[in-house]
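Protein chains: 2
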Amino acid sequence: MKQNYKMVLAYDGSRYYGWEHQPNTDLTIQGKLESVLSQMTGKDVEVIGAGRTDAGVHAKGMVANVHLETDKTEAEILEYLNHYLPEDICVMDLRACSDRFHSRYNALGKTYCYTCYVGDKKPVFTRRFVYIPEQKPDVERMRKAAEYLIGTHDFASFCGNPKMKKSTVRRVDSIRIEQKGGYLNLTYHGTGFLQYMVRILTGTLLEVGFGLRTPESMEELLEAKSRLLAGFTAPAKGLCLMEVDYE
Amino acid sequence: MKQNYKMVLAYDGSRYYGWEHQPNTDLTIQGKLESVLSQMTGKDVEVIGAGRTDAGVHAKGMVANVHLETDKTEAEILEYLNHYLPEDICVMDLRACSDRFHSRYNALGKTYCYTCYVGDKKPVFTRRFVYIPEQKPDVERMRKAAEYLIGTHDFASFCGNPKMKKSTVRRVDSIRIEQKGGYLNLTYHGTGFLQYMVRILTGTLLEVGFGLRTPESMEELLEAKSRLLAGFTAPAKGLCLMEVDYE
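Protein chains in written order, with our numbering: chain A, 1 to 247; chain B, 1 to 247.
Treat the hints as calculated values from the structure; they're not laboratory data.
One should not assume that every hint holds.
Identical chains blur together in the list; that is why a pair holds if it fits in one copy or across any two.
Unchecked claim - In silico DSSO-like pairs for lysine-lysine, Cα to Cα no more than 30 Å straight-line:
#1 K60 x K136
#2 K121 x K60
#3 K136 x K6
#4 K165 x K136
All chains, full assembly: derive it from the sequences and hints.
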């Protein structure tokens, strides 16, 4: 009898080609998890993730589920995973859950945090997890621009996949922009995000902060539905998936 | 006319062979600093450090001084250094100082912090800066043992250099042992430390915490003056030079 398990994961994505398996490499988060669980059960295992983080993106609260046939307790599976997974992937929590739980289909919302370093000194100890813009952005302008992005919109201008055939309508509930010490955190909450969407939103908001765009121009940008008109894609290393919401 | 400058440095020591130049590698902190300053002034430059951190050891408050002939202001030198130094070395502060200031001879005390991770989960984002002991130590026992080490003693048992010919007497003013979240910080303050001394003290205190030694045995250990009787040398990556004191 298979049992479904829900896991919460933290990982430093620096050396991975993202969440999803890729041909010709074992450097994916999904691949590492499946390989350890296959070794544990002696069977092929499919780990379902709440979403796919891109190459170089980190997570503190990624959620995944997996159906396993095993005699081990939850605590034993958790220990086994953390023992055999590399030191940059950690299973923070693992619990048996309903067979019907699907980490992607049942996800109601996600929180992402994008961290820029805007201090005077170099962030020697956190440099792998922050993006250092070349200029200091005006945070107030960024906040004004962010207000235009809140709500349900067609985010086609902020979609990194040019071949996207499905709807590009998403709801962004909040964008919190806070400076603490030299760190500028942009925290996004929404029902779902398109490919590269958080990074393109961040790059565009930074361009507003640099004075290259006006906060008001966000309105036209949404209407234009053209990726070519939005800002740069902020680098992966500043992005972290913080939380996935379920009922 | 040469001017003497005092610098405060932070670095992630992970990929370096320590502070001091080494033949056949440019991967030393001193070497990186001298090479950037030589490039800036067009002359050979000697950077004097308050001490020599070992390979893999980090710093948040290393102090160094250097005599330079330059037309640049303090702010310009600081900017030049941070621009050309690699991203894992940062000059936090740089000021002109008296010609007679010598970062090593004038140092009155040093603070080192050794960080162990003793939490349940893997420290995915801080793993390069902590040591993870295989057992959970009893912190109260470690604190009791540390009391025996405070004061002026011959620390020959805690000296990693078997050929040490000079005095191995040092004064340790305080050892603070604090647990915060999953992190166990051992903060040492003293007038000076022998080679590997902080790491051997930490390894020995951990062995007390594991129940392999008694707190009281520290007394005999100091008297024995034999490195063979002390504990293991805790790994470099947990150690960070926090501060150097001057008048």
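I'd like to know which numbered hints this structure contradicts. Please list them from smallest to largest.
As far as the earlier hints go, only 4 is violated by this structure.
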